[in-house]
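Here's the letter readout for the chains.
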Amino acid sequence: MSRAFDARVDAALADRQLKIAVERTAGTAEAKRGAAIGAWPSFGAARERAAAIKDHVIANLGSYLVQFEASATASGATVHWAETADEACAIVVDICRKAGARSVARSKSMLGEEIGLPHALEAAGIGRVETDLAEHIIQLAGERPSHIIWPAMHKTREQVSALFHARHREPHVEESIVAMAASARRQLRGEMLGADVGISGANFLIADSGQVCTVTNEGNAELSLVPPRVHIVTAGIEKLVPSMDHAVHLLRLLARSATGAALTQYTTFYAGPKRAGDRDGPEEMHIVLVDNGRSAMRDEGLAEMLRCIRCGACMNHCVVFRQIGGHAYGGTYPGPMGSVLTPALDGLAANRDLPNACTMNGKCQEVCPVAIPLPTLLRGWREKSWREGLEPVTLRKGLGLWAWAARRPWVYRTGVRWAIRTMRLAGRGWIAKLPLAGGWTGGRDFPAPAAESFMDRYRKGER
Amino acid sequence: MSQDTPSRVALFVTCLVDAMRPRVGFAALRALADAGCAVVVPAAQTCCGQPALNSGDRATATDFARRNVAMLEGYDAIVVPSGSCAGTIRCHYPELLADDPEWAARAEAVAGKTWEILAYLDARGWRPQGVTLPATATYHDSCSGLRELGIKAQPRRLLGAVDGLDLVPLAGEETCCGFGGTFCVKYPAISNAIADEKAAAVEASGAGLLLAGDLGCLMNMAGKLHRRGAEVRAFHTIEVLAGMADGPAIGEDQ
Amino acid sequence: MSARDAILARLGPVGDPAVLAAEAAGLLTGEERERPVGGEDLVARFLAQLGQPSVAATHARIGSLAELPGAVAGYLAVEGAEPALWLPPDARVDGLDWAGLTRLADCPIDDGAVLAFARAGVAETGSLVFETSPEAPMLPNFLALRHIVVLEVAALVRWLEDAAPGGAVPRAHYWVTGVSGTTDIEGTYVRGAHGPRFLHVVLVGSPS
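Protein chains in written order, with the numbering used here: chain G, 1 to 463; chain L, 1 to 254; chain C, 1 to 208.
No lab work stands behind these hints: they were computed from the structure.
Watch out, some of these pointers could steer you wrong.
Cut-off 30 Å, straight-line C-alpha distance, at most; resulting in silico cross-link-like pairs (BS3-like, lysine-lysine) [unchecked claim]:
no.: 1; chain 1: G; residue 1: K397; chain 2: L; residue 2: K186
no.: 2; chain 1: L; residue 1: K152; chain 2: L; residue 2: K113
no.: 3; chain 1: G; residue 1: K433; chain 2: L; residue 2: K186
no.: 4; chain 1: L; residue 1: K186; chain 2: G; residue 2: K460
no.: 5; chain 1: L; residue 1: K113; chain 2: G; residue 2: K19
no.: 6; chain 1: L; residue 1: K186; chain 2: G; residue 2: K384
no.: 7; chain 1: G; residue 1: K433; chain 2: G; residue 2: K384
no.: 8; chain 1: G; residue 1: K274; chain 2: G; residue 2: K98
no.: 9; chain 1: G; residue 1: K433; chain 2: G; residue 2: K19
no.: 10; chain 1: G; residue 1: K397; chain 2: G; residue 2: K384
no.: 11; chain 1: L; residue 1: K186; chain 2: L; residue 2: K152
Modelling step: build the complete structure from the supplied sequences, incorporating the hints.
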């Protein structure tokens with residue numbers, strides 16, 4: 001109900017192209033996930049195990065971070081720590097400068113978006129090549145991602161085509177998605193292979209081996225990270241897993257939940273820089289462990305949110321997301337998981353709409369591969385918002401009046417009688433316009449109540 | 001639970017049924033009596049407290065939980081013609097009162113004997129006898145009933161015993177209709193857009209009747225269907241099971 | 001206080017590694033270890049997975065490595081591709097007769113074919129397992145249009161867990177489970193986004 005949120009929602013709902021674009025991708029993802037999970041009868045048990053693995057790590061996060069630091073250092077990588085987004089960006093920019101980097105190739109990372117890394121690199125005058133196709137589209141359009149798996153989900157093929165025609169050296173001739181992808185391949189090839197630094201996120205950090213796991217379907221991570229002299233990883237501290245076997249269990253759930261595939265096409269575990277005799281690989285590997293509010297989340301009732309493996313299933317299955325797309329949420333992360341994370345990352349006061357703009361239908365929790373109780377966490381934000389007086393005064397007063405009456409059955413019945421009479425003044429069958437309920441009757445008819453309430457009729461002996 | 005144990009059952013009619021559609025309450029009384037239950041309607045009931053719960057007003061929601069637990073704990077079973085209100089009592093009262101030594105166990109006890117009406121009737125083995133309704137209907141699974149209480153097969157089993165009633169599938173039957181209680185008031189434009197897709201799916205099902213187990217969702221979907229000019233009529237499932245689908249549908253003058 | 005110390009201070013004391021390791025291992029044991037498929041024949045399962053739409057690899061079977069050049073030439077001919085490829089600096093290719101095929105000095109960066117030896121194959125997913133070493137550079141496997149992978153039947157394992165590196169952790173351990181694909185434009189699947197558009201597996205040896 002904040003004006004900014006309302007304005008974004010109105011703009012999204014008025015955008016027919018957006019609706020078409022979101023439906024095409026999210027609808028496909030929903031169907032493919034459904035088929036994959038349907039073919040895995042023990043999905044329910046597997047996700048409980050996944051939740052237990054993540055909970056174990058989150059409960060012992062300090063120990064696992066120390067273990068990871070030691071094993072990653074032993075592999076030849078340099079480990080850095082950042083408490084805040086700004087600190088993380090400063091570390092990355094500093095590494096780039098020391099490497100004399102003119103250009104960096106970036107493989108899609110939501111943590112990078114979260115900490116504002118694209119902007120920080122730009123501010124430092126370092127050229128940036130986004131190598132994920134969707135991130136490339138977003139970079140050309142000067143926009144932000146609207147989905148964590150498909151950052152350009154909000155774009156129709158027609159919009160992408162126009163963008164490529166305007167910006168690619170050798171744009172596609174034939175108007176097909178295949179030809180558009182080929183246009184991007186031509187455009188990105190040289191830029192990607194000529195970068196001085198490759199920057200990625202991490203899907204998992206393996207504590208006992210110091211390996212950093214990335215998954216992509218395009219293979220753009222490997223193309224971005226192997227040729228440059230320096231590989232920088234920025235990863236949230238919650239990405240730890242005890243061992244590769246634990247990662248494997250989560251990978252099975254991640255791929256199926258995101259795209260319906262049994263596994264991503266390219267799954268790579270990196271451990272340190274190039275070794276003696278290696279013909280390729282970076283000379284330096286840096287890993288930046290980023291807190292940015294995560295340790296506080298663990299201790300402030302959001303520990304379960306740190307289970308999240310960023311599959312995007314919650315948003316693909318969210319009726320609100322499917323209507324308004326990702327940008328309307330206003331944060332780095334959209335959809336149900338974003339509505340839990342954004343108030344923690346960017347503050348509740350400016351984002352109190354996010355946990356409220358949810359029907360509490362529970363579908364997100366049902367599809368979550370790590371069983372995050374998203375509706376419960378959203379309700380937790382609503383309670384905090386209420387306690388801190390952030391909810392609108394009309395709602396507080398209205399609810400207060402209702403609660404006062406509802407504790408007094410006699411008063412309440414009188415109120416119901418009055419309400420029934422008032423509503424029936426507006427009509428007896430379907431009401432097309434009901435005062436004070438314009439939000440409802442703007443798009444729906446409202447059924448008039450019966451002349452007398454159930455409790456009144458029951459009291460009079462009707463059965 | 002067997003059919004021949006007459007239970008002392010409290011009907012928690014819900015604030016929406018009370019004010020908007022008393023027929024649902026009378027249908028519930030009729031079906032429960034037919035199932036051999038001695039039904040009482042506690043006179044002090046108003047609301048389960050869900051508006052406060054979902055608005056973040058935990059203190060008020062907890063207060064309602066205590067009041068309703070005290071009011072309902074003396075009965076053998078509490079039956080509710082709504083998945084979301086039954087879910088509030090069954091799933092959320094114990095959460096709200098978990099840290100209250102005096103009330104936690106009492107809340108658990110009430111939760112353990114609170115039922116959504118269709119699930120209750122089905123578990124008792126009751127089936128409608130001699131109810132005929134020559135019509136084609138489609139069923140929407142309301143979210144709280146489906147996901148908090150696991151209600152899916154029960155309404156279909158019960159409706160299967162209605163003579164002449166043909167149940168046809170609804171595409172996206174488990175997809176939220178956009179009602180969401182206070183959500184439809186706070187974010188009417190989003191709610192409306194979701195309802196529009198649901199209505200289109202209902203129309204595409206070819207059914208003449210839309211059935212569900214929650215009046216809020218039904219009002220939302222029926223209101224949208226009517227605005228779109230669709231001919232589909234909507235009833236609470238318990239009305240059909242009690243043989244009351246010959247009366248006015250939702251939105252028709254009661 | 002350094003960022004490291006501040007973060008670790010918030011997260012609480014570091015626990016006993018042995019206790020932690022035992023607890024973590026316990027999370028992966030038990031009969032109900034949920035894995036997606038059962039125990040049919042490894043080769044059959046592997047080949048079936050190669051045929052999945054998300055993998056979409058072709059394959060050929062040969063009895064021994066000596067038949068490899070012929071199998072590769074045959075594949076390229078059927079595909080109407082040039083009879084040329086880049087071979088890795090691996091001793092196994094040197095003893096073979098590559099007559100009829102041009103050995104490229106440099107790895108093609110946007111077309112052409114490269115050959116690689118997989119360390120293992122995973123029946124569960126149809127994944128090919130690679131590890132970097134002086135004999136096995138990584139980049140070529142992501143550059144060319146056609147990725148031809150040689151895999152010994154004896155190197156097939158059932159589960160992804162079985163593919164984990166046994167000894168020292170290599171610089172990069174990676175699983176290839178298909179070709180470079182994208183669904184970034186309207187969710188439509190396109191092959192050859194940045195890397196290989198075609199994956200061809202040459203399975204060596206007969207099932208034991």
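So, going through the hints one by one against the coordinates:
Only pairs whose Cα atoms come within 30 Å are accepted, and K397 of chain G paired with K186 of chain L is accepted, the gap being roughly 14 Å. For the suggested pair K152 of chain L and K113 of chain L, the alpha carbons sit about 19 Å apart, so the restraint of at most 30 Å is met. Distance check on the hinted pair: K433 of chain G and K186 of chain L sit about 18 Å apart at the alpha-carbon level, within 30 Å; holds. Annotation: proposed proximity of K186 of chain L to K460 of chain G is violated, straight-line Cα distance about 36 Å (limit 30 Å).
The suggested pairing of K113 of chain L with K19 of chain G is violated, with an alpha-carbon distance near 44 Å, which exceeds 30 Å. A C-alpha spacing of about 18 Å is found between K186 of chain L and K384 of chain G, which places the hinted pair at or below 30 Å, so the restraint holds. About 35 Å separates the Cα atoms of K433 of chain G and K384 of chain G, which puts this hinted pair outside 30 Å; it is violated. Pair hint K274 of chain G plus K98 of chain G holds up; C-alpha atoms about 19 Å apart against a cutoff of 30 Å.
For the suggested pair K433 of chain G and K19 of chain G, the alpha carbons sit about 28 Å apart, so the restraint of at most 30 Å is met. About 17 Å separates the Cα atoms of K397 of chain G and K384 of chain G, which keeps this hinted pair within 30 Å; it holds. Proximity of K186 of chain L to K152 of chain L is assessed by CA-CA distance (about 29 Å); at most 30 Å being required, the pair is judged to hold.
When the structure is compared with the earlier hints, violations turn up for hints 4, 5, 7 and for no others.
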